[in-house]
Structures are given as structure tokens and as C-alpha cells.
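Enquirer: Listed below, chain by chain, are the residues.
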Amino acid sequence: MSATIAGLARSGPGAFGRFARGAGRFARQQPLGTLGLLVILLMAAAALGADLVSPYDPEAADFAAMLAPPSPDHILGTDSFGRDILTRLLFGARTALTIGLASSFLGCAAGGLLGLTAAYWGGRVDMLLQQLVDIILAFPIIVLALVVVALVGRNTVAGIDLNLIAAIAVPIVPRAERVIRAAALGVRAMPYIDAARAGGYGDGYIILRHMAPNVMAPFLVLLSAYVAQAILLEASLSFLGLGVTEPKPAWGLMLSGDSANFYQEAPWMILFPGLAISLAVFAFNLFGDSLRDWLDPKFRT
Amino acid sequence: MTDRTDGLRRREALGLGLGLPALLWAGPGHAAATGEPKRGGTLIYSVAAEPPTYDLTATSTFAVMHRLAPHYSTLLQFEPGNYPNIVGDLAESWTEAPDKMTYTFKLRDKVVFHDGTPCEAADVKATYDRMRAPPTGVISSRQPSFAQIASVETPDRLTVVFRMKAVDASITDTFASPWNSIFSAAKLTSDPNYPGRVVMGTGPFRFVEHVPGSHWVGTRFDGYFRAGHPYLDGFRAITMAPSAMVNALAGRQIMAEFRGVTPNERDRIVRALGKDTEVEESSWMLHMICTFNCQKKPFDDPRVRRALSLAMDRWGGSASLSKVSQLGPVGGLVRPGSTWSATSAEMEKWPGYGRDLAANRAEARRLLKEAGQENLQLTLLDRNIQPYITAGVFMIDQWRQIGVKVDHQQVELAAWYAAQNSGNFEVLVDSFTQFSDDPTNVLVKYVSYDKAEVAVAHATDRELDRLFDEQGRTVEVAARKALVRQFETRAMDQAYAVPVLWWQRIVAMNKEVRGWSMSPTHMIYQDLSDVWLAT
Numbered sequence: 001m002s003a004t005i006a007g008l009a010r011s012g013p014g015a016f017g018r019f020a021r022g023a024g025r026f027a028r029q030q031p032l033g034t035l036g037l038l039v040i041l042l043m044a045a046a047a048l049g050a051d052l053v054s055p056y057d058p059e060a061a062d063f064a065a066m067l068a069p070p071s072p073d074h075i076l077g078t079d080s081f082g083r084d085i086l087t088r089l090l091f092g093a094r095t096a097l098t099i100g101l102a103s104s105f106l107g108c109a110a111g112g113l114l115g116l117t118a119a120y121w122g123g124r125v126d127m128l129l130q131q132l133v134d135i136i137l138a139f140p141i142i143v144l145a146l147v148v149v150a151l152v153g154r155n156t157v158a159g160i161d162l163n164l165i166a167a168i169a170v171p172i173v174p175r176a177e178r179v180i181r182a183a184a185l186g187v188r189a190m191p192y193i194d195a196a197r198a199g200g201y202g203d204g205y206i207i208l209r210h211m212a213p214n215v216m217a218p219f220l221v222l223l224s225a226y227v228a229q230a231i232l233l234e235a236s237l238s239f240l241g242l243g244v245t246e247p248k249p250a251w252g253l254m255l256s257g258d259s260a261n262f263y264q265e266a267p268w269m270i271l272f273p274g275l276a277i278s279l280a281v282f283a284f285n286l287f288g289d290s291l292r293d294w295l296d297p298k299f300r301t
Numbered sequence: 302m303t304d305r306t307d308g309l310r311r312r313e314a315l316g317l318g319l320g321l322p323a324l325l326w327a328g329p330g331h332a333a334a335t336g337e338p339k340r341g342g343t344l345i346y347s348v349a350a351e352p353p354t355y356d357l358t359a360t361s362t363f364a365v366m367h368r369l370a371p372h373y374s375t376l377l378q379f380e381p382g383n384y385p386n387i388v389g390d391l392a393e394s395w396t397e398a399p400d401k402m403t404y405t406f407k408l409r410d411k412v413v414f415h416d417g418t419p420c421e422a423a424d425v426k427a428t429y430d431r432m433r434a435p436p437t438g439v440i441s442s443r444q445p446s447f448a449q450i451a452s453v454e455t456p457d458r459l460t461v462v463f464r465m466k467a468v469d470a471s472i473t474d475t476f477a478s479p480w481n482s483i484f485s486a487a488k489l490t491s492d493p494n495y496p497g498r499v500v501m502g503t504g505p506f507r508f509v510e511h512v513p514g515s516h517w518v519g520t521r522f523d524g525y526f527r528a529g530h531p532y533l534d535g536f537r538a539i540t541m542a543p544s545a546m547v548n549a550l551a552g553r554q555i556m557a558e559f560r561g562v563t564p565n566e567r568d569r570i571v572r573a574l575g576k577d578t579e580v581e582e583s584s585w586m587l588h589m590i591c592t593f594n595c596q597k598k599p600f601d602d603p604r605v606r607r608a609l610s611l612a613m614d615r616w617g618g619s620a621s622l623s624k625v626s627q628l629g630p631v632g633g634l635v636r637p638g639s640t641w642s643a644t645s646a647e648m649e650k651w652p653g654y655g656r657d658l659a660a661n662r663a664e665a666r667r668l669l670k671e672a673g674q675e676n677l678q679l680t681l682l683d684r685n686i687q688p689y690i691t692a693g694v695f696m697i698d699q700w701r702q703i704g705v706k707v708d709h710q711q712v713e714l715a716a717w718y719a720a721q722n723s724g725n726f727e728v729l730v731d732s733f734t735q736f737s738d739d740p741t742n743v744l745v746k747y748v749s750y751d752k753a754e755v756a757v758a759h760a761t762d763r764e765l766d767r768l769f770d771e772q773g774r775t776v777e778v779a780a781r782k783a784l785v786r787q788f789e790t791r792a793m794d795q796a797y798a799v800p801v802l803w804w805q806r807i808v809a810m811n812k813e814v815r816g817w818s819m820s821p822t823h824m825i826y827q828d829l830s831d832v833w834l835a836t
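As you go down the protein sequences, you meet chains B and H in turn.
Letter 101 of the first sequence, counting from 1, is numbered 101 in my numbering, and no numbers are missing.
With positions in the second sequence counted from 1, the corresponding number in my numbering is that position plus 301.
Everything labelled a hint here was simulated from the structure, so no lab data went into it.
Predicted model only: the values in this text are computed from it and were never measured.
Note that CB positions come from ideal geometry on N, CA and C, so glycine has one too.
Some clues are possibly wrong.
Unchecked claim - Label-pair ranges, simulated between beta-carbon atoms:
{"no.": "1", "chain 1": "H", "residue 1": "Q678", "chain 2": "B", "residue 2": "L35", "range": "37 to 47 Å"}
{"no.": "2", "chain 1": "B", "residue 1": "Y205", "chain 2": "H", "residue 2": "D708", "range": "38 to 48 Å"}
{"no.": "3", "chain 1": "B", "residue 1": "P31", "chain 2": "H", "residue 2": "V512", "range": "52 to 62 Å"}
{"no.": "4", "chain 1": "H", "residue 1": "D568", "chain 2": "B", "residue 2": "A64", "range": "16 to 26 Å"}
{"no.": "5", "chain 1": "B", "residue 1": "P31", "chain 2": "H", "residue 2": "K597", "range": "53 to 63 Å"}
{"no.": "6", "chain 1": "B", "residue 1": "R18", "chain 2": "H", "residue 2": "N548", "range": "56 to 66 Å"}
{"no.": "7", "chain 1": "B", "residue 1": "V125", "chain 2": "H", "residue 2": "V509", "range": "58 to 68 Å"}
As the list claims (entries may be wrong) - Some chain H residues flagged as far from chain B (calculated, every beta-carbon gap over 12 Å):
{"no.": "8", "residue": "T343"}
{"no.": "9", "residue": "I440"}
{"no.": "10", "residue": "V712"}
{"no.": "11", "residue": "Q735"}
Please work from the sequences and hints to get the whole structure.
Expert: This is the structure in C-alpha cells:
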């Protein structure tokens, strides 16, 4: 046991040092990506610490403070139920991040596995999968999500609508599949894959052990890029009344309903949620682009 | 306008309305009724939804009424600008037997349908027979209204006699219902479902075209039985979402929308149109209801239902929500301000209507604890439009304060109806509207489910049913009011379904639209025969 702890102690500073050096290099080479990352971290902190930061309950109506403009009591004003906009934005970050990260991971993971499978097997399997992907790609991403969410309805577990996550993940799957397949085709042509097959390893083992790690870079880039897309989709679906429902705080939802009625009298009802969505999407896109550049060997040379 | 009332009997049987401050609206009865009516012009107005059918017998939605009413006539009608007084429409006069068991109508002569054929007693009989005993394949939403009619007879071509099985105090209102439009007997004989496909009545406008999702057009019927009417050359009803409607009205692309807008939308329209705006306001014969599914636990327990009703601050909600939505007055089961409504003092005795909110909520918590439901969680099924969402959020906020957790499900209209009919819900944000304040028309929402399908709480309460039947047979107003109070008290106590708030009706239109009558229901005064344009 003591040897293990000693080992960890030895490896800890080394790993941290490598991480710190890598982070420093990323910050120097990708300043915009770093800015995006900082915004993402700030958003995550807001989501995690919403309970501690805000003095208000995000769902509690206060009829005495309906449509109150920004003031020391309500820094970003209140909505038509007297609910504090800042509080709802902070708790809305939780909704956005949870659904955004979960949907993006689910969609990219499923798409990645399909892409690896298509690349590994090639031939008819690849052809069939690509035709299927072509069909799904023909649908605009929002339309596909709308269809799925309308078909599957709601399935709320611990306040999170699992079907909404799945509905947002579905349009991501074919897009991730296409990218991962392209990367995996190069890996599939490597001699070590043939060597592994000749060595008698199973197909699943080869795909997961030898191919998947080698497409991790595009996977991570996709993951970060599609978080932005997922946040935007969640906001769009909530805006259309098919995502998160009142009185749960969600940025897209804050833009719909009464906000549309009161945008002239209480512009803060749409201004701040709109800014939050824009900033989050901008940050994830900046970070995703920078991550792609940073991980791409061509850019390094 | 004089020919409308000349020689017609005023509504006396029920003693309703005359001299009583039955209405709350602030504006005049007729929209900008000043000036001599001018002929000509096309009225352009919007309707927020598409009509699911052309058959007035088969539906109850304003989306049908606001397009179809100009094409049809009824036996009687509510007098324009003088609700709830009733005058004749196709009927030139009518008599009522002293025992209220026979109603005899004398029809106007020389009334013709849009195809030129005469409209006579046989047409009235065929229409009413179709509504009260629909042939196979015909849907009649009106059937329950005619339960007390034994027969319809036509002793001559212009006389119709209704014989009753029992006294029905609401029957005069039923004869004036805008839903009971008269169809051609000859056409009904050849196709009992023709009203669902062909728009052909005796109303002031002939049907021209309907382009689904776009518009509905009618043109003046020169053979209309009221000389000089209609004033308009025609009308064009445009299908338009409420948000677009406000912009269209503000931008003068449409002249009116007759259902109603929110206070904020009214202000936007007034800001845009300035002195060219005409605003009419009234209480509305439409209320939001919290309906419990009494066949599902724990809502089969009256303590749970009563606790949830007790937790609602209706008075506070009314004061606040009326500023931002169409929700408005606090009321019981009948429209506040109507002949039949309870006073504030009477209401305050009902669970959830008392002014001491702290005491109400303490009692609510006690009831929940007694029922073993201190940690109650429920799913509230709601529509996905305003002001239903506002009502839902309000209820959730009120229940949160007694520790009840709510999952808010918002669904499309079809799913909302499907859940009501199948009983696949726990608690429902429900609503109910009617064309008149008559207690029989409105209390039917609160009787046993096996007595009325609209009573979607799926409850069975024979005492409520008895009171409902008894008030329906009681003609004397004071006695009937007492029965209505008993019904309300029992219904509030059992809380199978409880009113949340009543709606306020605000109609903002371009001032050039004249002669239209405001009322506490959006189902009447839509035949447009008196409407003219001051351009």
C-alpha cells in the first residue's frame, strides 16, 4: 500500500507538471481557445455554485416584483412572474451544460462507434452505413431533433429529460460518424491493424483497443464542437415548447413564452438569456476550433 | 336595426338580465356605434386557429364559430348590444306555455337559403332532430342540451312547436345558441353530413372559399331576410397566430380579432393605432380549472384535492396575473358578475377562497399530512399555449409553498384532449367556456362523468347531479340561485375540479370597424350582419 502511495506521489507532480506545461503551451498558442475555455469554466462554476451564489429560488414567483427592471435587488431584472433573471440564468447554465454535454457525448460516442465499425469492416457494411447516414444527413439538424422529441415524448429522471438528451444526440450521430470514419479509414490501413488481425484478436478488441485511441483527437474536437450545437438545440427546442418546460430554468425557455410578449416593456427578459446562449455557443466553438488546431500535427509544423 | 326587435318578444321566462348589472365590461355594447351605417367594404379580421370541421353541430371551437357564423341563422339570438336579452332571428315571434312544456315559434316568411330554396319549419325540425338524435355517422356536440325535448312538430310551413318532457329553465338560451344554426332539410335528407362539407345557410354572407392555413372569404348575400343588411360587401378571415395578429393589427393589415388579447397586447395595439383604436373589455365566460383525476390515487381522496385548492392564493393571483395575462377575476363555477354568481362574501367561505392565506395553507398541510401525502409529487398536464402555461406556473408555485412537487407537462391540443378523454392524467389545467351564463350550461362541467363527458374529473357525485337537475327544472330565479349556491358549495368542498381564475376579455380593434357587439362570450354576435366600416 505504501509503495502504491509512494508511486502516486512520484507520478503525481510529474503528471501535473506535464498537464501544466501542456496547458501553458495551449494558452500561448491558442489564446482565443483559452478565452473560450475560461468562459466554459466560468459557466461550469456558475452551474455548480448556483445554489450558493443566488439568494433566490429560480422557480419562486414574486408577484410584487413582476417585470422589475435591473436593480440592486435584481441585478438582471425579473420576468413576468417576478422571478430573478440572474438566478434563472445561473440555474439555466446547469440545464444547458447537463443536456449539452450529455447529448454531445452520447451522439459523438454512438457516431464514433459507427464510424469505426464502418471503417474497419468496409465493403457492404460501410456502404450501407454511409447510405443510411446520407439519408439522415439530408434532414436539417433541428428538424430531426424536432421529429425525435415529438415521437418519443418526455422521460424525466431526477429532473433531467432523458428523451430530450437522446433527441438532441440523434442528429449528432451521423455527423460524428462521418468524421470519425474518415479518420478511422487511415488507421485501418495501418500495418498494425493487419498484424492484430493476423494475431487472432477479435474484431471488437481491435476496434476498441487499436483503432479508437487513434481517433481520439477528432473525437475530442467533435465533442467540444457539438456541445455548442447541443446547447443551441436545447435552447431551440425549449423555445419551441418541446424541450425543458416551465417553471424549470432554461435559457431557450426564458426566450419564449411571456418574453415574446414583453420584449418591448421588459427587454431584459430576452436580452440576458440571449447573451448567455450566444456566449456559451461562442465559447465552445472557440475552444473546439482551437483544440482541433492544437491537436492537428499539420498545424504544429 | 329596428326591424330586428319590432314585434319580437323579449326574454321574460327566465327573468334574466333586464335591469340587472349582469355585465362587467366597461365599453359600450356596440363598438363605436355612433354614426350612420355605411354600406360597402370588406372586413378583414384574423382567427387564431384552423376550423377542424365546417359543421357547427359537431364542434365547440371559436375557430369554427368565427368563420361560420356569418353564413347561418338561428331560431333566436342574443340581442346585439344587450346581452343576455334574447330576440328572434329566424323566429318572428314565439310563445311559451304557462307550464313551460310547449314552445311555439312563428318563423319569418320568405327567408331563403343561399341556394335560393325557402327556409321553413321543416328545415328547423330537420336541424333540431339531427342535433338531438344524430343519425349514424353524424357527430352532435349539442345532443345533451336537448335531453328534455320530447318532440318537434311542424303544424304548418312557418310554425314549429317544441314539446318538452320536463321543464328546462335553460331552453330559451338553447334556442338562441349560435351553435344551433339552421340547415336545409332537403340537403340533410340527401346527405346528413352535408354541413361538414358545404357551407350553405340563410346568414348574411355566402361562402366563397376557404384556403386552409390562409384565409376564409364570404360575400354579401343579397337575399338575406333582414332588409338593408348586411352592410359589408364581404369579409375575409385570415388564419393567424396570436403574436402575428397583434403585429398585423398594429400594422393595419387586419382590422379586428374578436376573441381577445392580453393587457400587454392591448397596450401595444393602442400604442400603434393611437386614436384609431377601439378597445372593449369585459369579464369572460371562460375560466381556468384545476381538474383532478378522481380515479387515480391520491386524488380519489377529497382531503388531497381540498388541500391543493386551499393552497391557491386566488385573490393575489388575480391581482397580479391580470396585469400580464388574460387571467382575471376570482369566481366560482358561474361567471363572476353574472346574474348567477356568488358574492365575494359567499365565495370566501369556500376552501381556497378565504383571505387568510396562512390559515389556508396551514390547513392544506394538515390535510395532506392526515392523508399521508406530506411529500406529494404530482404531474400537472397543461396545454402549451398562454395563458394555460401562466396558470400552470401559478399553480405549481402555490403548491410548492405547501411542499408539493410538480412535474409540468405541456402538450399540444390533440394530446391534451386525448388525455382528458382517456383519463390519462393526474391533475389537469383545464378550461371551460359556454355561449351563455345559464347555470345548466356551465355547471354541467362539474357533474358526474357518467352524466356529462365534459366533466373530465371522472368523478361520481349523485348529490351534485341531483342539484344540477333540480336547478335545471327551477324557473324562479331566486330559488334557482339558491340551488346554484348549494351546487357550488358542494363542488368546492369535494373539489373534484376547482376554478383557478376566470378570464378577462379584451378586444382591441381598428376604430373603422363599427356595429360589432361586445359580450362576455366570444361565441355570440359573430354573424357580422350589423358590422360596417367607417372608411
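Enquirer: Against this structure, judge whether each hint is valid.
Expert: So, going through the hints one by one against the coordinates:
no. : hint                             : verdict
1   : Q678(H) with L35(B): 37 to 47 Å  : holds (43 Å)
2   : Y205(B) with D708(H): 38 to 48 Å : holds (44 Å)
3   : P31(B) with V512(H): 52 to 62 Å  : holds (57 Å)
4   : D568(H) with A64(B): 16 to 26 Å  : holds (21 Å)
5   : P31(B) with K597(H): 53 to 63 Å  : holds (59 Å)
6   : R18(B) with N548(H): 56 to 66 Å  : holds (59 Å)
7   : V125(B) with V509(H): 58 to 68 Å : holds (59 Å)
8   : T343                             : holds (30 Å)
9   : I440                             : holds (27 Å)
10  : V712                             : violated (9 Å)
11  : Q735                             : holds (27 Å)
Comparing the model with each earlier hint shows a violation of hint 10 alone; every other hint is respected.
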